[in-house]
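Colleague: Letter by letter, the chains look like this.
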Amino acid sequence: MASIEVRRDACVGCGACVPACPFGVISMEDGLAVIGEACTLCGACESACPYGAIIIRTGEAGGGDLSEYSGVMVLAEQRNNEVDHSTLELLGEASRLAEVSGEKVSVLLMTARPGNWPERLISHGADIVYVAAVPELERYRTEPFSRIAERVIREKKPAVVLAAATTTGRDLMPRIAKYLETGLTADCTELAIDDETGVLLQTRPAFGGNILATIVCSDTRPQMATVRPKVMKALEPDSSRKGVVEEIGILPGDLESRTEILEWLPLEEGEVDISEAEVIVSGGRGLKSPENFALLRELAGLLGGSVGASRAAVDAGWIEYPHQVGQTGKTVQPRIYLACGISGAVQHRVGMQSSDRILALNKDENAPIFEFCDHGYVGDLFEVLPLVIKEIRRRLG
Amino acid sequence: MRFVVVVKQVPDTAEVRIDEEKGTLIREGVPSILNPFDEYAIEEALRWRDELGGSVIVVTMGPPQAEAVLREAVAMGADEAILLSDRAFAGADTLATSNTLARAVSRIGDVDVVITGKQAIDGDTAQTGPSIAASLDWPQVTFVGKVRQLGDGVMVAERYVEDGCEVIRASLPVVITLLKDANTPRLPSLRGKMKARKMEIPVWGIDDLGLEPGKVGLDGSPTRVVKVATPEASSGGEIHRGEPGELAALIVDRLLGGEVE
Ligand SMILES: Cc1cc2nc3c(=O)[nH]c(=O)nc-3n(C[C@H](O)[C@H](O)[C@H](O)COP(=O)(O)OP(=O)(O)OC[C@H]3O[C@@H](n4cnc5c(N)ncnc54)[C@H](O)[C@@H]3O)c2cc1C
Ligand SMILES: Nc1ncnc2c1ncn2[C@@H]1O[C@H](COP(=O)(O)O)[C@@H](O)[C@H]1O
Numbered sequence: 001m002a003s004i005e006v007r008r009d010a011c012v013g014c015g016a017c018v019p020a021c022p023f024g025v026i027s028m029e030d031g032l033a034v035i036g037e038a039c040t041l042c043g044a045c046e047s048a049c050p051y052g053a054i055i056i057r058t059g060e061a062g063g064g065d066l067s068e069y070s071g072v073m074v075l076a077e078q079r080n081n082e083v084d085h086s087t088l089e090l091l092g093e094a095s096r097l098a099e100v101s102g103e104k105v106s107v108l109l110m111t112a113r114p115g116n117w118p119e120r121l122i123s124h125g126a127d128i129v130y131v132a133a134v135p136e137l138e139r140y141r142t143e144p145f146s147r148i149a150e151r152v153i154r155e156k157k158p159a160v161v162l163a164a165a166t167t168t169g170r171d172l173m174p175r176i177a178k179y180l181e182t183g184l185t186a187d188c189t190e191l192a193i194d195d196e197t198g199v200l201l202q203t204r205p206a207f208g209g210n211i212l213a214t215i216v217c218s219d220t221r222p223q224m225a226t227v228r229p230k231v232m233k234a235l236e237p238d239s240s241r242k243g244v245v246e247e248i249g250i251l252p253g254d255l256e257s258r259t260e261i262l263e264w265l266p267l268e269e270g271e272v273d274i275s276e277a278e279v280i281v282s283g284g285r286g287l288k289s290p291e292n293f294a295l296l297r298e299l300a301g302l303l304g305g306s307v308g309a310s311r312a313a314v315d316a317g318w319i320e321y322p323h324q325v326g327q328t329g330k331t332v333q334p335r336i337y338l339a340c341g342i343s344g345a346v347q348h349r350v351g352m353q354s355s356d357r358i359l360a361l362n363k364d365e366n367a368p369i370f371e372f373c374d375h376g377y378v379g380d381l382f383e384v385l386p387l388v389i390k391e392i393r394r395r396l397g
Numbered sequence: 001m002r003f004v005v006v007v008k009q010v011p012d013t014a015e016v017r018i019d020e021e022k023g024t025l026i027r028e029g030v031p032s033i034l035n036p037f038d039e040y041a042i043e044e045a046l047r048w049r050d051e052l053g054g055s056v057i058v059v060t061m062g063p064p065q066a067e068a069v070l071r072e073a074v075a076m077g078a079d080e081a082i083l084l085s086d087r088a089f090a091g092a093d094t095l096a097t098s099n100t101l102a103r104a105v106s107r108i109g110d111v112d113v114v115i116t117g118k119q120a121i122d123g124d125t126a127q128t129g130p131s132i133a134a135s136l137d138w139p140q141v142t143f144v145g146k147v148r149q150l151g152d153g154v155m156v157a158e159r160y161v162e163d164g165c166e167v168i169r170a171s172l173p174v175v176i177t178l179l180k181d182a183n184t185p186r187l188p189s190l191r192g193k194m195k196a197r198k199m200e201i202p203v204w205g206i207d208d209l210g211l212e213p214g215k216v217g218l219d220g221s222p223t224r225v226v227k228v229a230t231p232e233a234s235s236g237g238e239i240h241r242g243e244p245g246e247l248a249a250l251i252v253d254r255l256l257g258g259e260v261e
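Chains A and B, in that order, are what the protein sequence lines are. Heads up, the first sequence is in my numbering, so the first residue is 1 and it goes up one at a time. Heads up, the second sequence is in my numbering, so the first residue is 1 and it goes up one at a time.
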């Protein structure tokens, strides 16, 4: 069922909506617009409000005219005014999906300074770049970003909306999906268009990676999904590709926020975030003690990589939780993942299985990890690792 | 300060087995547990209540047996528990779930902080918290690794993101989703266990919450699972055996990827 709502955070009590209402059902109470029972949801107040504070939500699950929606929209993610690589991956995937239906790929970039990114996004596959640029959009904050994105989506009516399954995407998308009363599938690893129905088939691991579930959102639009970073492939940039850049106006109410970033504490120098690492040397219960993690640190240091761990090692207190890989830790996709003394339980596997190359060192030849690694080495890590370090030093000179 | 912690009963995914022939989950005999992340959510609420006074109310939506996780929370020290259970709630996706949970929060009334776990280990979506916040039109702070300060209408919390940590101030009421970094959950006390055993837990259904059927359960869920498959069993890699020195040389070949030598 459709409903109307006055956003308490955005309404400033200006009263512009009161005369705009053809039915005279809006009143002001304590500096807030209040919509009376007799409202017909005609929408006159929604367009009269200068602050975007009045919102009419249409269509419960099962309603709405689906044919009005077309194309794939990507919500770009940026940090320090640089677009994240995950956005380029999504554009690659969006192009692939849109090709099937011959529809357009758009991207919404909310940022403080777009620089030359609109052109670069076009070269990576976007047909339309919507740019909302004001200084207040420097860092991601839930309310301004979700409000602007919601409005753009309502206006442009994409059939599919994608964002990366990062801390940003996973904060932003559920909020928008609720505003739009539509479905959202989390952390997808595979997307496809159903030949017959044209709906988006969204596949994701669930139950700790034990199953792959395919999910659809047939009756509401847009179909929304967050997509695991580093799974989809970006297109080779092509500067001859043509596209349109459209500016998105900011309404004063857009930037209101009940949260504020007081301080930003970047990861310490040298403390590479494992979800970004190119090489990960990871240790499990087989390491036996916290001191032995020094071996892994030394090896990771030589390779310019990071140290990961199984939950068993984290629970034992040998290394801190931010290093944990797996279902309840981080998902990583390095070029090389070297697992030392890790059995390869499914909860660990889901966090590292999409690494380009998995190497495993374990003294038990029946360890499950040998069933899915690329190269397995049956040996005692305490004997082998020191020699690995020595050999690398020798070869690197 | 009034806290609502929403908790979920989940199958212990470590115990889930696959029926290789049918490619389905074997759920029989799989124990149901309190979602591991939610223990941290409960603990965080208890700590702040102990410091500031007030109450902690735990809420779950699920079948009648989901009551067990509420009793677990009461044993840890929660003051009140409410079970949201109704046939109409069955088959809910995150949108329908959060509609139901958000309405319960409104009905409880005067709530300052809603805490959820980071994610449930069955669905792994991490969507319920933000979706509750949107339903209530409250601010949200997700992926909270530490709550620094709470009181006087504000919360200051650390939000852990990919490249660091944001220190965020939010006005109350607020919804937060909590990481395991935040605390170490306490064990249930003897007194808590006694209380949990005896406590009458109210059950709220769709009419108590005043929700329309189209907003909850399967009918209120825009998403549907259309296929379930087991991940391809990979054939396994190349297995190397040998003296430590030989193995080390092979590993180094791979690690350096032929770029050196
Ligand atoms: C809800 C839930 C969520 C979970 N989430 C995660 C998660 O996010 N990440 C995660 O990792 N786990 C997770 N787990 C735990 C997971 O089920 C396993 O218990 C865990 O991964 C095991 O860690 P491990 O491989 O280090 O230890 P073990 O399974 O004990 O394996 C140790 C391995 O080391 C080998 N070894 C011992 N000594 C040596 C030696 N000297 N040289 C070489 N090899 C040696 C052994 O042969 C063995 O294979 C989760 C579990 C549950 C229930
Ligand atoms: N049915 C439910 N009842 C109560 N809380 C829930 C329910 N489902 C999810 N949650 C809460 O939402 C969090 C995230 O769950 P999810 O979005 O399913 O990953 C969980 O840790 C719980 O705190």
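Treat the hints loosely; a few may be bogus.
[As the list claims (entries may be wrong)] List of simulated lysine to aspartate or glutamate pairs, EDC-like, C-alpha gap at most 20 Å:
no., chain 1, residue 1, chain 2, residue 2
1, A, K390, B, E243
2, B, K146, A, E196
3, A, K390, B, D253
4, B, K227, A, D219
[Unchecked claim] Only part of the chain B face toward chain A is listed, based on derived beta-carbon distances under 7 Å:
no., residue
5, F143
6, E162
7, E166
8, A170
9, N183
10, T184
11, L187
12, R241
13, V252
[Said to hold, decoys possible] The calculated label-pair distances, taken between Cβ atoms and stated as ranges, are:
no., chain 1, residue 1, chain 2, residue 2, range
14, A, P237, B, P31, 47 to 53 Å
15, A, A294, B, G242, 24 to 30 Å
16, A, G317, B, G53, 28 to 34 Å
17, B, D253, A, K157, 49 to 55 Å
18, A, R139, B, G242, 35 to 41 Å
Derived from the structure by calculation, the hints contain no laboratory data. Since we're looking at a predicted model, the values are computed, not measured. Note that beta-carbon positions come from the ideal geometry of N, C-alpha and C, so glycine has one too.
Colleague: All the hints need checking, so say for each whether the structure fits it.
Modeller: Each hint tested on the structure:
Note on K390 (chain A) and E243 (chain B): the hinted pairing holds, with a Cα-Cα distance of about 15 Å set against a maximum of 20 Å. Taking the CA atoms of K146 (chain B) and E196 (chain A), the gap is near 48 Å; set against the 20 Å cutoff, the hint is violated. For the given pair, K390 (chain A) sits about 13 Å from D253 (chain B) by alpha-carbon distance, which is consistent with the 20 Å threshold. Straight-line distance between C-alpha atoms of K227 (chain B) and D219 (chain A) comes to about 17 Å, which keeps the hinted pair within the 20 Å bound.
Evaluation of the F143 (chain B) hint against chain A yields a held restraint, the C-beta minimum of about 5 Å falling below 7 Å. Given the 7 Å rule on beta carbons, the hint for E162 (chain B) holds: about 6 Å separates it from the nearest Cβ of chain A. About 5 Å separates the beta-carbon of E166 (chain B) from the nearest beta-carbon of chain A, less than 7 Å, and the hint is met. At about 4 Å, the closest approach between the beta carbon of A170 (chain B) and any beta carbon in chain A falls short of 7 Å, and the interface hint on this residue holds.
For N183 (chain B), the interface hint is violated, since its Cβ never comes within 7 Å of a Cβ in chain A; the closest pair sits about 12 Å apart. Violation of the interface hint for T184 (chain B) is found here, the shortest Cβ-Cβ separation to chain A being roughly 11 Å, above the 7 Å cut-off. Checking L187 (chain B) against chain A by beta carbon gives a least distance of about 16 Å; that is not within 7 Å, so the hint is violated. Residue-level restraint check for R241 (chain B) holds (minimum Cβ-Cβ distance to chain A is 5 Å; threshold 7 Å).
Below 7 Å, beta-carbon pairs count as interface contacts, and V252 (chain B) has one with chain A at about 5 Å; its hint therefore holds. Range check, P237 (chain A) to P31 (chain B): Cβ separation about 51 Å, and the 47 to 53 Å hint holds. At about 26 Å, the beta-carbon gap between A294 (chain A) and G242 (chain B) stays in the expected band of 24 to 30 Å. Taking the beta carbon of each, G317 (chain A) and G53 (chain B) are about 33 Å apart, inside 28 to 34 Å as hinted.
At roughly 54 Å, the beta carbons of D253 (chain B) and K157 (chain A) sit within the given window of 49 to 55 Å. At roughly 52 Å, the beta carbons of R139 (chain A) and G242 (chain B) sit outside the given window of 35 to 41 Å.
Comparing the model with each numbered hint stated earlier shows that hints 2, 9, 10, 11, 18 do not hold.
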